[in-house]
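If you read the sequences in order, they're chains A and B.
Using this note's numbering, read the first sequence as starting at 1 and increasing by one per residue.
Using this note's numbering, read the second sequence as starting at 1001 and increasing by one per residue.
These are computed hints drawn from the structure, not numbers from a lab.
Note that this is a predicted model, so its numbers are computed, not measured.
Even glycine gets a Cβ: it sits at the ideal position worked out from N, Cα and C.
Treat the hints loosely; a few may be bogus.
[As the list claims (entries may be wrong)] Computed list of chain B residues with no C-beta within reach of chain A, every gap over 12 Å:
| id | residue |
| --- | --- |
| 1 | LEU1123 |
| 2 | GLY1125 |
| 3 | THR1185 |
| 4 | ILE1193 |
| 5 | MET1194 |
| 6 | ALA1200 |
| 7 | ASN1237 |
| 8 | TRP1292 |
| 9 | SER1324 |
| 10 | PHE1339 |
| 11 | GLY1345 |
| 12 | MET1359 |
| 13 | GLU1385 |
| 14 | LYS1402 |
| 15 | GLU1414 |
[Unchecked claim] Facing chain A, according to a computed beta carbon distance under 8 Å, are these residues of chain B, among others:
| id | residue |
| --- | --- |
| 16 | GLU1094 |
| 17 | VAL1133 |
| 18 | SER1287 |
| 19 | THR1296 |
| 20 | TYR1326 |
| 21 | ASN1344 |
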Amino acid sequence: MKKLVISVVLVNLLAACASQKAPEAAAAAPAPVVSNATVAAPASAPVVAVDPLNDPANILAKRSIYYGFDKDAVPAEDKAMLQAHGKYLGEHTARKVEVAGYADERGSNEYNLALGQRRADGVGKLLKLSGAGAAQVKTTSFGEEKPKAAGHDEAAWAQNRRSDLNYAQ
Amino acid sequence: MLKVFHALLVVLLLALSVSAHAELTIEIIGAGEHQIPVTIVPMGGDAKLAAAINEVVVGDLTRSGLFKLVDAAGKTPHEPSEVNYAEWKTSGVEALAIGSVAQENGRISAKFRLLDVVKQVTLVGEVVSAREVQLRAVGHRISDLIYQKLTGDQGVFSTRIAYVNRNGSKYRLVVADSDGYNEQTVLAQSEPIMSPAWSADGKQLAYVSFETGHAAVFAQSVYSNQRKMLADFPGSNSAPAWSPDGKQLAVVLTRDGSSQIYLMNADGSGLQRITFSEGIDTEPNFSPDGQWLLFTSDRGGSAQVYRMAVAGGPVQRMTFGEGSNYSPRYSHDGKSFVFTHRANGQFYITTQDFLSGQMQIISDGGWEKKPSYAPNDKLILFASEAYGRGILASVSSDGRVKQRMSTQSGDAREPVWGPHL
């Protein structure tokens, strides 16, 4: 009877040792690796500034306004755009713009030269009221000379009744 | 009685190259109320010179629309004693031009007579003498004599015109004989040229050039090509007009805020503003006595013709009724003015008599602009369109005889008739 009891005890001891090893092995399995390099957050990355004048999505990309026949006042729908140009010029005092006025061919060419000048001057005035300095704005007229569209029809005339803003490079 | 006439042709050698053929093709439509039947007998002497002179004279008289040119049909009298008046009378001819031409040491001498077939007398005779290169001028002088004797009015065959030729983006200011020959380029560039204006002595042209990037006024000698910038203020400088005494010009400047008329001395000094409206005042034109200016203004709401004294004072509106009116120019006798009338979407050449205030439309309508009188007030030159191009046109002051003049290439614009020389 004594022999059997000792064997049982020995077997239990052996079993206890074996089970103790497994948890250690499990503990030693590699956890997910976290690298030491940090990923730069977008807010702190170096960025090139885009001049709004060159941004095609900006209101400043619009450089021409069109007029009704014999009209030279800035159309209401174009005021915001011109105010934006004036503000831009006020903030970028090294920039210069030339406003060129044109007219359609209905009238004498001298009268049309005067009408084109009146159109350009109207735009120039609004630019200065909106922030542009006098030295930054030049106004010119080509009247009916150098028309954008040829033709004795309203389709051509409408294109020629216009003021263009030309920024110096 | 033959008169020797040298003085005229001593003058005018043009500074730049001169083309030997016509740069303008001329088409005539219509005829005068009564066409005087004449025969221009080819001159005796040098056959080649005679043929060339004959071509010029026949061309001049035909283009006027006032003559019926009857062929000489083989008859060749060169002296009054050789003329068989009875023969000529049966052909219906009223006047006969005869003569002879010779050449010596590069000089041409043409002996010319105009005979009245009915009265059988010499109406006028002259020896026209010139350098060989001025052959056409000899013909034009003879045409002037014939025209003056048979119509009572001074001929304009020896006068010149100026105009702008625009070909794509190339512009040329051009001076030519009134028949289109002897074209001379005064200015050639890739920027627009506008509004040429002759000085009263025919020696200078004032004009607008965009060569500096905007409209600026220049004056240039037609003979030496020396030029001077007269007005280059900010904005537009335009519409130059010479006073008849040549001492002043009127110009249009925008330096004070809107297009207004200023006087200046011929050298550009002494600037003085003379119109004071808030609108557009432009296209000043001096009266022949230098006392008045006609001009275009929209001060009343639409473009109309107004008049004011050069010395200052009230401004008087001259054109009324429907439509708008532009580009007034005085006649040389000061009794009327010609202008562009715009109505019904068309432009018409129109005259108005100062005394009666009556407006008379003398063209058919279209794109007709910038009219000017010939120095004898019998013809009006203006810009028009045909075949899709800009052309020059003229109409007799009674509206009956019309001419179209087209350039070989490009658009002809901005014509202005020069003075008697």
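| said: Just want to verify: TRP1292 of chain B was marked as not at the interface with chain A; is every Cβ pair farther apart than 12 Å? | reply: 19 Å, holds
| task | Take a quick look at ALA1200 of chain B and tell me if its Cβ sits farther than 12 Å from every Cβ on chain A, holds or violated. | result | 21 Å, holds
| 12 Å cut-off, C-beta based - LEU1123 of chain B kept clear of every residue in chain A | At roughly 43 Å from the nearest Cβ of chain A, LEU1123 of chain B sits farther out than 12 Å, so the non-interface label holds.
| query | Given TYR1326 of chain B was flagged as interface, is its beta-carbon under 8 Å from a beta-carbon of chain A? | reply | OK, holds: TYR1326 of chain B within 8 Å of chain A, min 4 Å.
| Outside-interface status for MET1194 of chain B - nearest CB in chain A farther than 12 Å | 6 Å, violated
| field | Status of the stated non-contact between ASN1237 of chain B and chain A (beta carbon gap over 12 Å) | value | The claim breaks: ASN1237 of chain B does not keep its Cβ more than 12 Å from every Cβ of chain A (closest is about 10 Å).
| Against chain A, does LYS1402 of chain B keep a CB gap of more than 12 Å to every residue? | At about 21 Å from chain A, LYS1402 of chain B clears the 12 Å cut-off, so the statement holds.
| request: With 12 Å as the threshold, tell me whether GLU1385 of chain B passes as away from chain A on beta-carbon distances. | output: Incorrect as stated: the minimum Cβ-Cβ distance to chain A is 8 Å, not above 12 Å.
| message | Is the claim that PHE1339 of chain B lies outside the interface with chain A correct, judged by CB distances over 12 Å? | response | Given that some Cβ of chain A is not farther than 12 Å from that of PHE1339 of chain B, nearest at about 9 Å, it is violated.
| Does GLY1345 of chain B really sit off the interface, with its C-beta more than 12 Å from all C-beta atoms of chain A? | With a cut-off of 12 Å, GLY1345 of chain B comes too close to chain A, as the shortest Cβ separation is near 8 Å.
| said: Next item in the hint list is ASN1344 of chain B. Is there a CB on chain A closer than 8 Å to its CB? | reply: Since chain A brings no Cβ nearer than about 12 Å to ASN1344 of chain B, farther than 8 Å, the hint is violated.
| task | Say whether it holds or is violated: THR1185 of chain B keeps its Cβ farther than 12 Å from all Cβ of chain A. | result | 19 Å, holds
The structure is inconsistent with the numbered hints 4, 5, 7, 9, 10, 11, 13, 15, 16, 17, 18, 21, although it conforms to all the rest.
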